[in-house]
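K.L.:
Those protein sequence lines, which keep their order, are chains R and S.
Read in order, the letters of the first sequence are residues 12 to 123 in my numbering.
Read in order, the letters of the second sequence are residues 339 to 451 in my numbering.
It is worth saying that the hints were derived from the structure and are not from the lab.
Cβ atoms here follow ideal geometry from the backbone N, Cα and C, with glycine treated the same way.
Heads up, some of the hints might be wrong.
[What the hints assert, rightly or not] With beta-carbon atoms standing in for the labels, derived distance ranges:
hint, chain 1, residue 1, chain 2, residue 2, range
1, R, Ala64, S, Ala418, 24 to 30 Å
2, S, Asn409, R, Lys79, 29 to 35 Å
3, R, Ile120, S, Thr347, 23 to 29 Å
4, S, Arg447, R, Ser25, 39 to 45 Å
5, R, Asn70, S, Val451, 35 to 41 Å
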Amino acid sequence: GNSVTQMEGPVTLSEEAFLTINCTYTATGYPSLFWYVQYPGEGLQLLLKATKADDKGSNKGFEATYRKETTSFHLEKGSVQVSDSAVYFCARRSGGSYIPTFGRGTSLIVHP
Amino acid sequence: ETGVTQSPTHLIKTRGQQVTLRCSSQSGHNTVSWYQQALGQGPQFIFQYYREEENGRGNFPPRFSGLQFPNYSSELNVNALELDDSALYLCATSDRTMNTEAFFGQGTRLTVV
């Protein structure tokens with residue numbers, strides 16, 4: 012079936028550190044890939060997306076590249092801030108489907 | 339601000355009761371999806387409505403039901419509440435015609451005691 016696997020958290024970093032959150036997906040069909048962020052007490056917000064192989068999604072300093080050969084869509088940021096502390100969800104959506112499948116989420120905690 | 343509003347934000351119900359959760363969108367998106375997010379987990383798809391008809395359902399029992407109205411607002415109804423139904427319920431709207439991404443509300447935190 013369609014699934015998404017994320018690295019377990021929490022990920023704890025100091026401010027200005029480099030961030031990587033790993034995400035792999037099942038390769039069924041030609042999925043679009045997404046990263047959502049959930050701040051405490053809020054719903055999910057779309058952070059970035061990529062719709063085909065080798066596409067790079069980027070927003071607010073975050074980046075992720077659609078890697079078909081490794082079925083991965085790892086989230087990266089060069090220098091995290093305390094305000095980036097949140098839960099990050101990787102998601103896939105098959106072509107022709109309007110329903111994304113989410114990973115379990117990875118909590119990021121950034122200390123000053 | 340996503341323009342998606344859910345109500346109520348929190349509520350507490352007793353096991354066996356029924357609950358109705360509501361969702362509305364300012365943008366007139368024609369597709370609404372409901373998700374259940376248990377603590378520490380990712381959102382699990384419950385069902386989706388497109389132009390007032392159910393159009394996809396996840397692995398949830400029939401006591402989870404929904405409606406979409408002509409103005410595209412939506413309700414999620416849960417009958418015979420169980421303790422395990424305690425979760426954050428998220429509504430997401432999108433426009434299938436325009437193939438937009440999903441915009442989420444802030445969720446309703448349901449606690450069943």
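K.L.:
Confirm or reject each hint.
P.N.:
Each hint tested on the structure:
no.: 1; hint: R:Ala64 <-> S:Ala418: 24 to 30 Å; result: 46 Å, violated
no.: 2; hint: S:Asn409 <-> R:Lys79: 29 to 35 Å; result: 41 Å, violated
no.: 3; hint: R:Ile120 <-> S:Thr347: 23 to 29 Å; result: 25 Å, holds
no.: 4; hint: S:Arg447 <-> R:Ser25: 39 to 45 Å; result: 31 Å, violated
no.: 5; hint: R:Asn70 <-> S:Val451: 35 to 41 Å; result: 40 Å, holds
In terms of the numbered hints stated before, the structure departs from hints 1, 2 and 4, listed from lowest to highest.
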